[in-house]
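Participant: Chains as they are written, first to last, in my numbering: chain R, 444 to 851; chain V, 444 to 851.
Keep in mind the hints are simulated off the structure, nothing from the lab. Among the hints, erroneous ones may be present.
Note that identical chains are pooled: a pair holds if it fits in a single copy or bridges any two copies.
Below, in silico cross-link-like pairs of lysine-lysine (DSBU-like), each with a Cα-Cα straight-line distance of 35 angstroms or less [what the hints assert, rightly or not]:
(1) 482 / 817
(2) 837 / 817
(3) 591 / 706
(4) 837 / 747
(5) 509 / 487
(6) 509 / 747
(7) 598 / 744
(8) 533 / 473
(9) 509 / 744
(10) 509 / 530
(11) 832 / 509
(12) 473 / 545
(13) 591 / 817
(14) 509 / 482
(15) 530 / 487
(16) 837 / 473
(17) 482 / 545
(18) 545 / 484
(19) 706 / 789
(20) 533 / 482
(21) 545 / 509
(22) 771 / 843
(23) 545 / 487
(24) 484 / 706
(25) 789 / 598
(26) 509 / 533
(27) 649 / 484
(28) 706 / 483
Here are the chains, one letter per residue:
There are 2 protein chains.
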Amino acid sequence: MQLCPDKLNQFIMPNISTKGTAMPQSPIRKLVPYAEAAKKKGKKVFHLNIGQPDIQTPQIALDAVKQNNINVLAYSRSEGSDIYREKLAKYYAQHQIQVTAKDIVVTTGGSEALMFAIGTIADQGDEIIIPEPFYANYNGFATASGVKVVPVVSKIEDNFSLPPIAEFEALITQNTKAILICNPGNPTGYLYTEAEIKQLCSLAKKHNIFLVADEVYREFAYEGVQHYSILSQLGMEEYAIVIDSVSKRYSMCGARIGCLVSKNTAVIDTVLKFAQARLSPPTYAQIASEAALDTPASYFKDVKEEYSERRNTLIQALKTIPNLKVAKPKGAFYCIVALPVQNAEKFAQWLLEDFSVDNETVMVAPAAGFYATKGMGMNQIRIAYVLNKEDLLKSVEIIKQALAVYPN
Amino acid sequence: MQLCPDKLNQFIMPNISTKGTAMPQSPIRKLVPYAEAAKKKGKKVFHLNIGQPDIQTPQIALDAVKQNNINVLAYSRSEGSDIYREKLAKYYAQHQIQVTAKDIVVTTGGSEALMFAIGTIADQGDEIIIPEPFYANYNGFATASGVKVVPVVSKIEDNFSLPPIAEFEALITQNTKAILICNPGNPTGYLYTEAEIKQLCSLAKKHNIFLVADEVYREFAYEGVQHYSILSQLGMEEYAIVIDSVSKRYSMCGARIGCLVSKNTAVIDTVLKFAQARLSPPTYAQIASEAALDTPASYFKDVKEEYSERRNTLIQALKTIPNLKVAKPKGAFYCIVALPVQNAEKFAQWLLEDFSVDNETVMVAPAAGFYATKGMGMNQIRIAYVLNKEDLLKSVEIIKQALAVYPN
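Given the sequences, and given the hints that come with them, work out the whole structure.
Facilitator: This is the structure we're talking about:
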């Protein structure tokens, strides 16, 4: 018997798992080699592609780490230190969320909180309903957990508001364990209204499934609109799981400290077992995060003003581009833009490889990777407005000139 | 129809996953409330139950964090910074392990490296063979990944040396994806010989499965015996995956920095996808870990001497206790002790609740939680010799007096 090369290969090296093979590549990362090549050629690249803010981390957090008096860098508690969780509970109380330290498990970033949440509520083959477009790594966490993402399309025409609740209900099966939302939304910038949150809460209760809300952009709400947490809704004690993180709130992405919050004691007890297996969240970052809770209110006022102005600058400039559609964000620091091109990923690559204005170009995130449905968002990009206004205006001008000459 | 209370409960709150329910509790944690109660009563408790060293973290690592000049605490690269991985490659070269930066993915502790390894090589229902007793959290990582641990018993009478290789081979099925060892071993303290490693390597190659080695205690080898890495063995490029961590090496358990090392590019590419989904390892801890690589050799000489003396002191003292059996460790800082009791967990609880000498008692880890086979190790405990010699001697004396009066 003659073996084909593929088959032969199986005999000479062990296989990667089906799960590992299915793990998605970062949709942003694919373009990194082109950005690196552009920089090597001396091009300046404006990065609108990642949610890494340029805002300074609060001094009080930075100082706490510099002034630490650790001699033995020991494990912390698996659930995070008591004092940090107690301070967190007070922070939540200021945001109309009534929880105590025992409702909180400190995690290594919001990422780990999401992994623990999925592991706690879903088994292999179970389903989680998510309005798309959504934060691309939800696909990764679901794949790593063997869980199926069931998308509900939200539309750029509707500013990515909540799709009709009947569309969610129609997708609920025996295998549905939760609805997952990101509020305010990455990548949409949409901020759910209280009425929308109430609809989701009612549906979760009606079908006895969890409602998981990624609220890491809680502070970033514009036009004077208040963020409304699923934990503020009465009667949601057993159903609501909130994912949180210090990454964006304090421009501390590299800390890798998040938390999971729930009034459901069975959820917290189970999450704690996952947390114990990995021992503890990082100690230095917990010092920074605890100190960050004392950040003066003026910091947030300034940051919010800065983002609000960036948002206005960006949207106004984008609207001058012919045949371009943009959903005006109400929160977070992203927006989705529909371009007059067939394939936004090819356009993004072309921007890096073949286009520049005064030797400057732009890197954007193709939005298709933020959808679970194949073929959706092909002409869309996500823009993160994490640059100063001048650079944002330059970036939009580059996109404008690029679209005028792009060989579509 | 009348519903039983359990059934009724299903209708009024959503369920925890089967996986979450199956997640094991930490075998050490179960006794924590008894230790806390003892302390509240004013008893001093010597902690022989956890692998948290009392050794000072290298000054060079502590200083690097205190002197950092970060203004925006940004994400690092998902795979860890280039400079840290290049320095790591040099560290490995000093230990007869020839790898480059691209063979290394920096992780959030050895824990995450193990989770990534299991996800990369095994799907739900797949099997990993592990000699028992083994590090208890392997059970947690396997459960979280839906993977089955298949144990091979190693015996205290044999000092926990490698069981006959035929016993491993007899357990290999279509579902076997890897053999996992911890070398030197937690909780056994056993250090595999080069001959034993070669046997495991041959078996992995013969059956085309991975060999995963948790080598986080690499430096802790006594009696002049050298640690032998699976990556030092020729022809293992496609089969060997090493799990590593700075936690024990530099007494930096709270850093939460580890890494996964493999020459198999498909493994590294897949691990990187898991790493990208969680964005990056913690930035401050990476600064500490990078600086720690410049720790002077004298630090390790002193630490090794200290542990070697603690080991000798502990073993010598334990041998004076009648009807007690101890496997003399060759590495790491643990040993397994078989006590003349029926149930070591009950004895450990009794030590905390009902016994003291001069108002001092001892907390030990019942060893049953380090076995996958139910009923194994029931009379065994794990002792971590992470205390100074004086405290170790006091602790052994307490155990000795306790055993003399314990109502077995």
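Participant: Confirm or reject each hint.
Facilitator: Do the hints match the structure? See the list:
In this homomeric assembly, residue 482 and residue 817 come within 35 angstroms of each other (Cα to Cα) only inside a single copy, at 32 angstroms, whereas the closest approach across copies is 59 angstroms. When the C-alpha separation of residue 837 and residue 817 is checked against a cutoff of 35 angstroms, the pair qualifies only within one copy, where the shortest distance is 33 angstroms, while the shortest distance between copies is 66 angstroms. Both within a single protomer and between protomers do residue 591 and residue 706 lie at most 35 angstroms apart by alpha-carbon distance, with minima of 26 angstroms and 32 angstroms respectively. For the homomeric pair residue 837 and residue 747, the shortest alpha-carbon distance inside one copy (22 angstroms) is at most 35 angstroms, but the shortest distance between copies (59 angstroms) is not.
For the identical chains of this complex, residue 509 and residue 487 are neighbours both inside a copy (33 angstroms) and across copies (33 angstroms), given an alpha-carbon limit of 35 angstroms. For the identical chains of this complex, residue 509 and residue 747 are neighbours both inside a copy (27 angstroms) and across copies (30 angstroms), given an alpha-carbon limit of 35 angstroms. Taking identical chains as interchangeable, the C-alpha atoms of residue 598 and residue 744 lie at most 35 angstroms apart only when both belong to the same chain, with a minimum of 31 angstroms there against 64 angstroms between chains. For the identical chains of this complex, residue 533 and residue 473 are inter-copy neighbours only, at 29 angstroms across copies versus 41 angstroms inside a copy, given an alpha-carbon limit of 35 angstroms.
When the C-alpha separation of residue 509 and residue 744 is checked against a cutoff of 35 angstroms, the pair qualifies both within a copy, at 26 angstroms, and between copies, at 29 angstroms. In this homomeric assembly, residue 509 and residue 530 come within 35 angstroms of each other (Cα to Cα) both inside a single copy, at 21 angstroms, and across copies, at 24 angstroms. Taking the shortest alpha-carbon separations for residue 832 and residue 509, both the intra-copy value of 32 angstroms and the inter-copy value of 34 angstroms come in at or below 35 angstroms. Within a single copy, residue 473 and residue 545 get their C-alpha atoms only as close as 41 angstroms, which misses the 35 angstroms cut-off; across copies the closest is 18 angstroms, which meets it.
With identical chains, the CA atoms of residue 591 and residue 817 are at most 35 angstroms apart both within one copy (14 angstroms) and between copies (34 angstroms). In this homomeric assembly, residue 509 and residue 482 come within 35 angstroms of each other (Cα to Cα) both inside a single copy, at 34 angstroms, and across copies, at 33 angstroms. In this assembly of identical chains, the alpha carbons of residue 530 and residue 487 lie at most 35 angstroms apart only when taken from different copies (30 angstroms versus 43 angstroms within one copy). When the C-alpha separation of residue 837 and residue 473 is checked against a cutoff of 35 angstroms, the pair qualifies only within one copy, where the shortest distance is 24 angstroms, while the shortest distance between copies is 59 angstroms.
Only between protomers do residue 482 and residue 545 lie at most 35 angstroms apart by alpha-carbon distance; the minimum there is 22 angstroms, versus 49 angstroms within a single protomer. In this assembly of identical chains, residue 545 and residue 484 lie within 35 angstroms of each other by CA distance solely across copies; the values are 24 angstroms between and 54 angstroms within a copy. For a Cα distance limit of 35 angstroms, the shortest separation of residue 706 from residue 789 across copies, 33 angstroms, qualifies, whereas the shortest one inside one copy, 46 angstroms, does not. Taking the shortest Cα distances, residue 533 and residue 482 sit within 35 angstroms of each other only across copies (29 angstroms), while inside one copy they are farther apart (46 angstroms).
In this assembly of identical chains, the alpha carbons of residue 545 and residue 509 lie at most 35 angstroms apart whether taken from the same copy (29 angstroms) or from different copies (31 angstroms). In this homomeric assembly, residue 771 and residue 843 come within 35 angstroms of each other (Cα to Cα) only inside a single copy, at 18 angstroms, whereas the closest approach across copies is 73 angstroms. Within a single copy, residue 545 and residue 487 get their C-alpha atoms only as close as 49 angstroms, which misses the 35 angstroms cut-off; across copies the closest is 27 angstroms, which meets it. Proximity of residue 484 and residue 706 under a CA criterion of 35 angstroms is satisfied inter-copy only: 32 angstroms between copies versus 54 angstroms inside one chain copy.
Taking the shortest Cα distances, residue 789 and residue 598 sit within 35 angstroms of each other inside one copy (22 angstroms), while across copies they are farther apart (61 angstroms). Taking the closest pair of Cα atoms, residue 509 and residue 533 come within 35 angstroms of each other both inside a single copy (25 angstroms) and across two copies (29 angstroms). Taking the shortest Cα distances, residue 649 and residue 484 never come within 35 angstroms of each other, neither inside one copy (58 angstroms) nor across copies (49 angstroms). In this homomeric assembly, residue 706 and residue 483 come within 35 angstroms of each other (Cα to Cα) only across copies, at 28 angstroms, whereas the closest approach inside a single copy is 52 angstroms.
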